[in-house]
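J.: Residue numbers (numbering that gives the first Met the number 0), protein chains in the order written: chain U, 0 to 455; chain H, 0 to 250.
Since the hints were derived computationally from the structure, they do not count as laboratory data.
The C-beta atom is built at its ideal place from N, Cα and C for all residues, glycine as well.
Hints are supplied without guarantee of correctness; some may be wrong.
[Stated by the list, open to error] Pairs of lysine-lysine residues, derived as DSS-like cross-links and limited to a Cα-Cα distance of at most 27 Å, are as follows:
1. H/Lys171 - U/Lys7
2. U/Lys337 - H/Lys52
3. H/Lys66 - U/Lys448
4. H/Lys171 - U/Lys362
5. H/Lys188 - U/Lys153
6. U/Lys398 - H/Lys55
7. U/Lys337 - U/Lys362
[What the hints assert, rightly or not] Where chain U lies over chain H, by a calculated footprint (3+ residues, C-beta under 8 Å):
8. 22–36
9. 41–49
10. 170–177
11. 193–203
12. 217–231
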Amino acid sequence: MGHPEKAKEFTRDLDRTHWHDKALWFVREKRDRAIKAVPEWEQLREQAQKIKSHTMANLDLLLEQFETNAKAKGIQIHWAKDAEAHNRIVLQILQDREMTRLVKSKSMLTEECELNPFLEKNGIEVIDTDLGERIVQLRQEHPSHIVLPAIHLKKEDVSTTFQEHLQTEAGNNDPTYLTRAARTHLREKFLAAEAGLTGVNFGIAETGGVVVCTNEGNADLGSSLPTLHIASMGIEKMIPRLKDLAVFTRLLARSATGQPITSYTSHYHGPVEGGEMHIILVDNGRSEMLGDPLFRKALNCIRCGACINTCPVYRRSGGHSYGYIIPGPIGSTLGPGKDLAAHRTMPYACTLCGSCTNVCPAKVDLHQQLYYRRQQVVDAGLLDPPKERLLNLAGWLFKHPALLDFTGRLTRKVVPCLPRALLYNRFNPWGEERELPEMPKKSFKELYKEKKGGQS
Amino acid sequence: MRIGLFIPCYMNELYPGASMATLEVLERQGLEVDYPLEQTCCGQPMANSGCTKNLKDLAQRFLRIFKDYDYIVGPSGSCVAMVRTHYAQFLDGEPGFDRLKERTFELCEFLHDVIQVETFDISFPHKVGLHNSCHGHRDLGLGTPSELHVPCTNKLENLLLKVDGLELVTVKRPDECCGFGGTFAVAEKEVSVVMGNDRIEDHLSAGAEVMTGADISCLMHIDGLARRQGKPLKVMHMAQILNGEVPHGTS
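Put together the whole structure using the sequences plus the hints.
T.: What follows is the structure, given as structure tokens:
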């Protein structure tokens, strides 16, 4: 199933669709208020864009600098060319130390690599400790948003899930009660964990350390209580200098949730006392994207989710309708970049409204990328054949004005004579819920000729 | 000053009224306007679906037909955006393309920026909701997108405020997409319909009697939904209001 079919499913519950739209629009409005309190907002975006573009142009050197500096701080560095390599490295580290209990804080990269099922198959207990992620993990679902993983769920849904898995009271939908239950449950898991895995928001080449931004402090517990900390990091998370970080921390939380800063901005520059810290640098298709001038800017993404919150299509179709781990505008360019055939409907789940490009704190040209992704889909022969034939026919017709005029005239004459049942049926998706335009007697061209004829 | 009137293909066939209003508004400004009869389509429907097969031909056709005019003016933000932002892929380096790009304007933008119209000398004593169609709004900059933190202006609003008696209502989401999106309206019909209905509700709750905008494709979608449901919202192209017409349907 592609996006249209899944979106159709989602919109079947109109109340829920509107609720979902409003929940995310609330976040978008909060973001608007937050950025309007920063007079230099647009300059910050420009600066972020420049830093990231510079970073991507010098990524090889910066990664090597990062490795050298990290090693000097006692951090062990691993290079993973793809998801499989990444997962094997994590497993190896755990198995070498005979560890079987891992707590994870939010990491879209490990979702991308499908780390959880791989580790579970190999006898490792993996617990997601971000509240939203834990909720979807218990439900055996994927996150529906990169910052708000359980945004598709109402508190009633969470209550049912917790009742089943955490034995909370039936019908108690009080968010505070539910959060406390999760907290108690997760605290046990934190204390029992042998290893903690975190994602990375920023890797600083100059210092060889990484920065993780969370609101729940779960990354801090997960990386500090156990003696082993593994940080999984996409190679595009690099920034050159510590002072560059300020640009991004000012942009990130405001763009994501409208907060001035995340509750925790944790810097990791070495293992805990007596422990170990590992950083896995993951490529998984990023180098390839870097080589593509049309799409390389997507690597500037700092995963704030602002484009997702503002996307009018996402808000009304939900994250799971995209069929890729990252939904919305940014996912719709990254997904097809990974596997064009599997994600061929993603670039079309968009009206090209351009709101995503404008909210993006790193100025990724999102809607332009989706425009060009569509050309890739067509060039690869992946567009629905009848649709492609129709569009090519139209394109051909537009090169033949006389024939076009004739077709237009015929349509305007015939349509008004047809019985409604012939016009409005399952072959006319436009007309299922919309009236067709009223057919005028004459085209503008005919009226214009009459007008000019009358004048001369 | 010779203006080449660029009427989108579907407007020519389905919206001769709004097309004629465009011509009349321009002529009333004392401009010499010519409608080249051999024009067809800018190629946007194919381009937005990724079908580039005929696009170079269509872009070259457009260039050939319009290149000698002082200005090219069209009553559709998205079609003008096609020329200004997407033709480069097919025409970059062709003689006359840079000039064409600089001289192709959306109607309201042209009246606002180039002609700098002071007054239209018309009245429209109705409550009007402005729909800021995305391509005109964000790609052409007809208004300041709500996402940006820059000084706010809106060329369409500025023009409407010059119309006597017209009351502009305040909608909650002034630049949210209506869900038309070309083939999106059909391929993603369900989402498209929800988006369109949400726009209608926003405008109706703000008290709008008439919804207007600078892109009739969006209005065609909105109008189709409103008429099907019998919603008391009339839809008019900006050109029709600026032409001094009374509220009516879009045709």
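J.: Decide, hint by hint, whether the structure agrees.
T.: A quick look at each hint next to the structure:
The straight-line distance between the Cα atoms of lysine 171 of chain H and lysine 7 of chain U is roughly 26 Å, inside the 27 Å bound, and the hint therefore holds. Distance restraint check for lysine 337 of chain U and lysine 52 of chain H: the Cα-Cα separation of roughly 25 Å lies within the 27 Å cut-off, and the hinted pair is therefore satisfied. Taken as a hint, the lysine 66 of chain H and lysine 448 of chain U pair is honoured in the structure, with Cα atoms around 22 Å apart against an allowance of 27 Å. With a C-alpha separation of about 26 Å, the suggested pair lysine 171 of chain H and lysine 362 of chain U falls inside the 27 Å cut-off, and the hint holds.
Distance hint between lysine 188 of chain H and lysine 153 of chain U is fulfilled; the C-alpha atoms sit about 26 Å from each other, no more than 27 Å. Note on lysine 398 of chain U and lysine 55 of chain H: the hinted pairing holds, with a Cα-Cα distance of about 11 Å set against a maximum of 27 Å. Proposed proximity of lysine 337 of chain U and lysine 362 of chain U is supported: the alpha carbons are some 21 Å apart, at most 27 Å. Residues of the stretch 22–36 of chain H with a Cβ under 8 Å from some Cβ of chain U number 3, which satisfies the need for three, so the listed coverage holds.
With 7 residues bearing a CB less than 8 Å from a CB of chain U, the stretch 41–49 of chain H meets the requirement of three and the coverage assertion stands. With 4 residues having a beta carbon nearer than 8 Å to a beta carbon of chain U, the stretch 170–177 of chain H meets the requirement of three or more and the stated coverage holds. Proximity of the stretch 193–203 of chain H to chain U, defined as three or more residues with a beta carbon under 8 Å from a beta carbon of that chain, is established by the 4 residues found. Counting residues of the stretch 217–231 of chain H whose beta carbon lies closer than 8 Å to any beta carbon of chain U gives 7, which meets the minimum of three for the stated coverage.
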